[in-house]
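There are 2 protein chains.
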Amino acid sequence: MKITVVRDILEANDRIADLNRELFDRHHLFVINLMSSPGAGKTSLLERTIDGLKQDLRIGVIEGDIQSSRDAERIARKSVPVVQINTGGACHLDGNMIRETFHEFNFEEMDLLVVENVGNLVCPAEFKVGEDMKVMILSVAEGDDKPMKYPLMFRESKALLINKIDLLPYVDCSVERIREDSLRINPELRIFEVSCKNGNGLEEWCGWLKGRVKAGRPG
Amino acid sequence: MKITVVRDILEANDRIADLNRELFDRHHLFVINLMSSPGAGKTSLLERTIDGLKQDLRIGVIEGDIQSSRDAERIARKSVPVVQINTGGACHLDGNMIRETFHEFNFEEMDLLVVENVGNLVCPAEFKVGEDMKVMILSVAEGDDKPMKYPLMFRESKALLINKIDLLPYVDCSVERIREDSLRINPELRIFEVSCKNGNGLEEWCGWLKGRVKAGRPG
Chain A
1 MKITVVRDIL EANDRIADLN RELFDRHHLF VINLMSSPGA GKTSLLERTI
51 DGLKQDLRIG VIEGDIQSSR DAERIARKSV PVVQINTGGA CHLDGNMIRE
101 TFHEFNFEEM DLLVVENVGN LVCPAEFKVG EDMKVMILSV AEGDDKPMKY
151 PLMFRESKAL LINKIDLLPY VDCSVERIRE DSLRINPELR IFEVSCKNGN
201 GLEEWCGWLK GRVKAGRPG
Chain B
1 MKITVVRDIL EANDRIADLN RELFDRHHLF VINLMSSPGA GKTSLLERTI
51 DGLKQDLRIG VIEGDIQSSR DAERIARKSV PVVQINTGGA CHLDGNMIRE
101 TFHEFNFEEM DLLVVENVGN LVCPAEFKVG EDMKVMILSV AEGDDKPMKY
151 PLMFRESKAL LINKIDLLPY VDCSVERIRE DSLRINPELR IFEVSCKNGN
201 GLEEWCGWLK GRVKAGRPG
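So the sequence lines, in the order shown, correspond to chains A and B. Counted from 1, the first sequence has number 44 at position 44 by this note's numbering; the numbering is strictly sequential. Counted from 1, the second sequence has number 153 at position 153 by this note's numbering; the numbering is strictly sequential.
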């Protein structure tokens, strides 16, 4: 019974996400769905990515949070268009929520839209928003058993950013194990090791992302 | 429409959780629902708590994960009864899942049952399992903005363990801010600062928990 309900919701969401996608394609807008656990560093990565790419790409941001507008305020300081979605209780963004922000943006003046999802390693991976690709972040402070325990997000993502590598001397976490288990789940996954604190690895990530946006292709 | 469906599910779950609770009460069994983001340290805390209390209390554990039995294997090494629930895709445990483990335990020989929920700072707080109290963990690596962004779990919990305080010199996180924001949401919240790595604060936590179990009261 419950499974049926969930499947209906997912199918209805897929249809709306497809409509979003058509609109994005019409405006040649590349869209990323950025996902992670709470506190893995999505907003920090986004700040760094905007710094790295704003000379080359016109970027817009949708911030998803249960409540508060703190993340949107952080992004607004970067002088890019940003809209905050407060989901109330919902633990993920869906296609409809994204759709309701469209009138706030001028897509003709944007190359890249980043959707920062609610902090949650589970549900966001199930709900498409119309993105070209999903990107996920894992902080080394979360430990190296996460691919095995939360495989769906690793399977669905095109890129994995292993963040906070500056903490590696102080935590029990093998980056090698994350790499091996992630690639077993998703052999096509592109993996970057980064630190949003000291900037390590961000140039490589920004270069790769810029290439994908310019090519208009996630793969 | 979707809201109605969700409410029905929650109400049905509450009824099952109440049945679980009656059964627990009949066996004088104290039950904790342990919740956090992925990688905040639930299993490590549980290992440490078993070490600290096994002379005084007979403990059993239910491990909830999307998939894998890694956490149950870790707990089994402590020689306490443990059952692993794999939720498939579900991002939280519910009353029915807990109910299905009952035949695996002898409640007459247990004082404390700890239910380790799926790693998720959102949904588990909405689904009762029949617990006496909810306890949550927040790792300092997740940052100090979590009470403001994920208030429900802070509101529902009786105790908050601020974990990985050994990492404080290396992360941008104010424990004072976590304390202030958490207590604004939930003035009754009992807060412990702990490190499962070096053992700091665990004696105080174990002492408090033992008192609650012996009194048979969460408050």
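Mixed in with the good hints, there may be bad ones.
As the list makes no split between identical chains, a pair holds if one copy fits it or if it spans any two.
[Unchecked claim] The calculated DSBU-like cross-link candidates involving lysine-lysine, where the alpha carbons are at most 35 Å apart (straight line), are:
no., residue 1, residue 2
1, 214, 78
2, 197, 149
3, 214, 197
4, 158, 197
5, 54, 214
6, 210, 149
7, 210, 54
8, 158, 78
I should point out that these hints are in silico values taken from the structure, not numbers from a laboratory. Note that this is a predicted model, so its numbers are computed, not measured.
Given identical chains, is residue 210 near residue 54, meaning Cα to Cα at most 35 Å, within a copy, between copies, both, or neither?
Within. Shortest intra-copy distance 10 Å satisfies the 35 Å Cα cut-off; inter-copy 55 Å does not.
Have a look at residue 210 and residue 149 and pick one of within, between, both or neither, based on CA distance no larger than 35 Å.
both (31 Å within a copy, 31 Å between copies)
Between copies, within a copy, both or neither: which fits residue 197 and residue 149 at Cα up to 35 Å?
Answer is both: 27 Å inside a copy and 22 Å across each meet the 35 Å cutoff.
At 35 Å max between alpha carbons, let me know whether residue 214 reaches residue 78 within a copy, between copies, both or neither.
within (22 Å within a copy, 54 Å between copies)
Go through the copies and call it for residue 214 and residue 197: within, between, both or neither, with a Cα cutoff of 35 Å.
within (27 Å within a copy, 46 Å between copies)
How would you classify residue 158 and residue 197 at a CA-CA limit of 35 Å: within, between, both, or neither?
Both ways: residue 158 and residue 197 sit 23 Å apart in one copy and 34 Å across, limit 35 Å.
Evaluate residue 158 and residue 78 at a C-alpha cut-off of 35 Å and name the case that applies: within, between, both or neither.
within (26 Å within a copy, 39 Å between copies)
When no copy is specified for residue 54 and residue 214, does a C-alpha distance of 35 Å or less occur within a copy, between copies, both, or neither?
For residue 54 and residue 214, the Cα distance is within 35 Å only inside one copy (14 Å; across copies 60 Å).
Going through the hint list in order, the structure satisfies each hint without exception.
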